[in-house]
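Asker: Based on the provided sequences and hints, a complete structural model is requested.
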Amino acid sequence: MTGTATRTVPRPGVRWLRRALRNPTLIAGAVIMLVVLALAVFSPTPYDPFAQDLDHGLDPPSPAHWFGTDQLGRDILSRVVAATGTDLRIAVLAAVVPFVVGVAVGLVSGYAGGWLDWIVGRVVDTFVAFPFYVLVIVVVFAAGTGERGIYVAYALVGWISYARVIRAKTRSLCRQGWVEAAYGGGLSHTRVVGRHLLPNVLPQAVVLLMTEILLIMVAVVTLGYLGLGVQPPTPDWGTMISDGQLFLTTKWWVSTLPGLAVVTTGVGLSLLGDGLADVWRLR
Amino acid sequence: MNTLGSLVVDDLRVSADVELVHGVSLTVAPGEAVGIVGESGSGKSLTLRAVMGLLPRGVHRSGGRVQVDGTAAMIFQDPLSFLDPLARIGRQVAEVCAAVGRTSPRAARVRALELLESVRLPDAADLARRYPHQLSGGQRQRVLLALALAQEPDLLLCDEPTTALDVTVQREVLDLLAQLRAERRLSILFVSHDLAVVTQVCERVVVLRGGRVVETGAALDVVTSPASDYTRSLVDAVLPLPVPAGGGDD
Amino acid sequence: MRWVGRSLLSVVPVVVGVVLCVFFLIRIVPGDPAAMILGDQATQASIDALHEQLGLDLPLGTQLWNWLVGVFARGDIGTSLITSQPVAGLVWSRAGITAGLVLLAVGFTVLLAVPLALLAATHAGSWLDQLVRVVPTIGMAMPAFWVGLLLILVFGVNLHWLPVGGVGTGPGEPLRSLVLPAFTVALGMSPPLVRSLREQLLEVLDADFVVTLRAARLPRWRVSSHVLRNAAVPTVSLLGLNVAYLIGGTLVIEKVFAINGMGALLFSSISSRDFPVVQGIALVLALVVVVVSLLTEALVALLDPRIRAA
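Chains as they are written, first to last, in the working numbering: chain A, 1 to 283; chain B, 1 to 250; chain C, 1 to 310.
Among the clues, some could well be false.
[To be verified] One side of the interface only, derived from the structure: several residues of chain B facing chain C at Cβ under 8 Å:
id: 1; residue: LEU54
id: 2; residue: ARG57
id: 3; residue: SER81
id: 4; residue: LEU86
id: 5; residue: ALA87
id: 6; residue: LEU147
[Said to hold, decoys possible] Here are some, though not all, of the chain B residues that point toward chain C, as calculated from beta-carbon distances under 10 Å:
id: 7; residue: GLY53
id: 8; residue: ASP84
id: 9; residue: HIS133
Quick caveat, the hints were computed from the structure, so don't treat them as lab data. The C-beta atom is built at its ideal place from N, Cα and C for all residues, glycine as well.
Answerer: What follows is the structure, given as C-alpha cells:
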C-alpha cells in the first residue's frame, strides 16, 4: 500500500517570509534601506567629494550641481552620497557592542534576580540620570573626537537601553513558570538562558537595534554639527550642515539638503524597525 | 398591565471579525429572574453587553432586536477593575445620583449614603471616603450594586457578579440581591458559568453554547432533567459534596 | 509619609553613583586627560605641571576622597582652568536661561504631544490615528538641530516673526527669544512621547471602569474627566522619564540659536579643554535630573492613591 499523501505544512521560516512580504511598512523600510546601503557601499558620486573649485563656491542647485556647491566649491550631492557611507558605517559599528553587552546584561540580570539585579538596576539608574548627549559629549571629550570617541562613548553608555527592555522581558518570561520548569528539569543555567530565553527576547532586541542605529546616526550627525564627531575633511552630514549655518539665510541649500539625507535614512530605519515589530507581532 | 422591567431579545447577532452570537432569543417577564449559563466563550457576557449597548471595541451588534421596557442597569464581575481607582467611593456613587436625579451635589451625596446603607454597607460615611483598593471584594461588589440601584432600574443585568468572590461572601451578595429584588420589584438577567448559583437566584434558565441557545426552561426542570447532552454535562460537572458511606452516626 | 522616606532612601545610591560616575568617566577612558587638555604641542613638563595642578599625580584613592569631600562638604565641584573661577559659580550664572528654556520646552512638549496622543487614542484605528502614528516615525529621523535651522530659515528670515539668535533685551524678552528654541526642543521630544502616550491612553480608554461609567449613563464630560484623571498618571510618569533627554537636547539647541546658557558654557569649555567645568556641568545636570525624577514620582503619588498605599 503505497501512496501516503504527505501534506506539506510550510516551515516557520517560510511563513514568516510570507507575512513579511505582505507588510507594507517592512517593504517600504527595506526598499529605502537597500537604496541607502547601495549608496553607502558603491558611493556613486558624480564628482570627487574632496575636489574643491573655489571659482564655483556656494552655487545654488543647478543641472550641473543638483544640490549646489559648498563654500569650497565642492559638489554637495557627491559629499552627501559620500557621507552616507561614513555616517551609516559608524552608526552600525557603534551599535554592535552596546547590543551584545546590553542584551547579555539584561538577560543575566533578569534571570538571576537578587542582589545582582539590584546592582545592575542602580547602575542603570545612575547612567539614566545623565542627559544623554551630555554623557556622550563628556566621553567623546575624554576619549578624543572623531570616530574613535564615538565608538568608545557608545560602548560605555549605549547598552543601557537594551538592558532595561531585555531585563523586563526576561523577568516577565521567567514569571511564566516554564523557565523554572526547564531549570528544574535538569538544564544548566547557561542552557536555559542561551537556548530558551535568548530566542524569545531576540526579536524585541533586534527591533530595538533598528531604533538604536537610528538614534546613533542622529547622534553622529549632531556630534558632527558640534564639531565633536567626524572631523573634516571626511564628509559627514553633520559637519556639512554646520558649514552651511553661516550662510543659512542666503545659501540655504548647504545646510538644508544634507539634512534631508539624514531624514530619509532615518525614516527607512524607522519603517524597517516598525515593520519587523509588526511581523513579529510585537506591536 | 405593568410591563416595566421586561426584556425581549429577538434573534440577536453580535460580530467582531466573525459572528460570535448567532441569533439568540430570550425574554424576561416583569419581576422575573432569568439566568444564562454556559462555558467561557459561549457568548453570555456579549449578550448582556449587547442588551446594554456596551459592546467592547471592535465588536458590534450585527442583527436582531433588543427591547427593554424601563431602565436597565448592570453589575460586573471584577469590581476592582470596574471602579475608578482614583476616585473615592462616595464620589463615584454621588455622581451617578446627581446625573440621574439632576439634583444638587449635596442632595446627591445624601442619596449616595442612603444607597450605600441599603446595600448593607454599614458605616457608609466612613466607607464613602475610601478608595476602591481599600475595600474588600464583597464590599466592592456591593458598591457596584449601589451604583446600579442609583439609576432606579427596572431590569438588572448581572455579569458573573459572584465569580471573583469568596464563597462565603458570594452567599451574602446573593442574599442581598434577593432582598433588593423583592423590595424594588426588579427583573434580573443573571449570567454565570456556575449552575449552582444560577439555580439559586433564577426561576428560568437559558443555556448557551458557542453563541447559540441550546435549551431554555424552568431552572429546576433544566437541572433535574436536562434535555440536551451539553446541559447534562454542565449539570454533571457540578461536584457534589461527599456523602458519608452507609448511614449516619449512630 | 513612609513612602517619602523610602523614595529619598532609594535616591541616595543614585546620587552617590552619579558623583562617582562623573569622577570615573573622565579617568576611565583610555588616554591621559592632561595630554588631551594640552593637545599635540604639549611638552612633558607642561603635562606634569598640569597633572599636579589637577591633582592627577595623587593616588586614585586620594583623588576620589578629595573629590567626594569637595562635593558633599563644600559644594565645591572644581575650578575652571581658564578663568580660575569656581565651577559652581559659573554654572549658576548660566542656570537661569537654560532653566527658562527647559521649562518653556516642557510646556510646548505637553501642548504638542498630549492633544495628538489623545486624538489618536480616541479615534484608534481611523485614518486620523494612522496619520498621528506616522508623525513619530518621521519625527525621530529629524535631527533637532537641523529642524532648528529650518525654523530659523522660515520664521526668522522669511517671516520676520520671532528673533532667531541670542537673547535680546527688548519688550517680551527673554521670553520672545526663547520661543523658537523651546519649540524646536519640543518638536524633537514629542515624537517618542506621542507614541508612548497613545499606548497608555488606549489602555485607559479600554479600562473596565469606563464601562461602568458608561453603563451608569453618566454624561460624556463626566466620563471624560475620570478618563483624563486616570490618563494623567502615566503621562506625568512618562514626562518625568524623559526629562534627562530633554535637558540634553536643550543644550544642543542652545548652540543652534546662540543662546548663552549652560550649553554654550559646556561647548566653550570643551573647545578650551577646560575639563573641571565639563565635569562640573555633567554632575550638576545629572543631579537636577535625579531631583526632577523624585518630584515626578511625588506628583504621581499625589495623583494615584494606590501608590501611596504601597
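Asker: Evaluate each hint against the coordinates.
Answerer: A quick look at each hint next to the structure:
Interface restraint check for LEU54 of chain B: the shortest CB-CB distance to chain C comes to about 6 Å, inside 8 Å, so the restraint holds. The restraint placing ARG57 of chain B at the interface with chain C holds, with a minimum CB-CB distance near 6 Å, inside the 8 Å limit. Below 8 Å, beta-carbon pairs count as interface contacts, and SER81 of chain B has one with chain C at about 4 Å; its hint therefore holds. The restraint placing LEU86 of chain B at the interface with chain C holds, with a minimum CB-CB distance near 5 Å, inside the 8 Å limit.
Checking ALA87 of chain B against chain C: minimum C-beta separation of about 7 Å stays under 8 Å; hint holds. Contact between LEU147 of chain B and chain C, as hinted, is supported at the beta carbon level, the nearest pair being about 6 Å apart and thus within 8 Å. For GLY53 of chain B, the shortest C-beta to C-beta distance to chain C is roughly 9 Å, which falls under 10 Å, so the interface hint holds. A distance limit of 10 Å between C-beta atoms decides the matter here; for ASP84 of chain B the minimum to chain C is near 5 Å, and the interface restraint holds.
Because the closest C-beta pair between HIS133 of chain B and chain C is about 5 Å apart, less than 10 Å, the hint holds.
Of the numbered hints given earlier, the model fails none.
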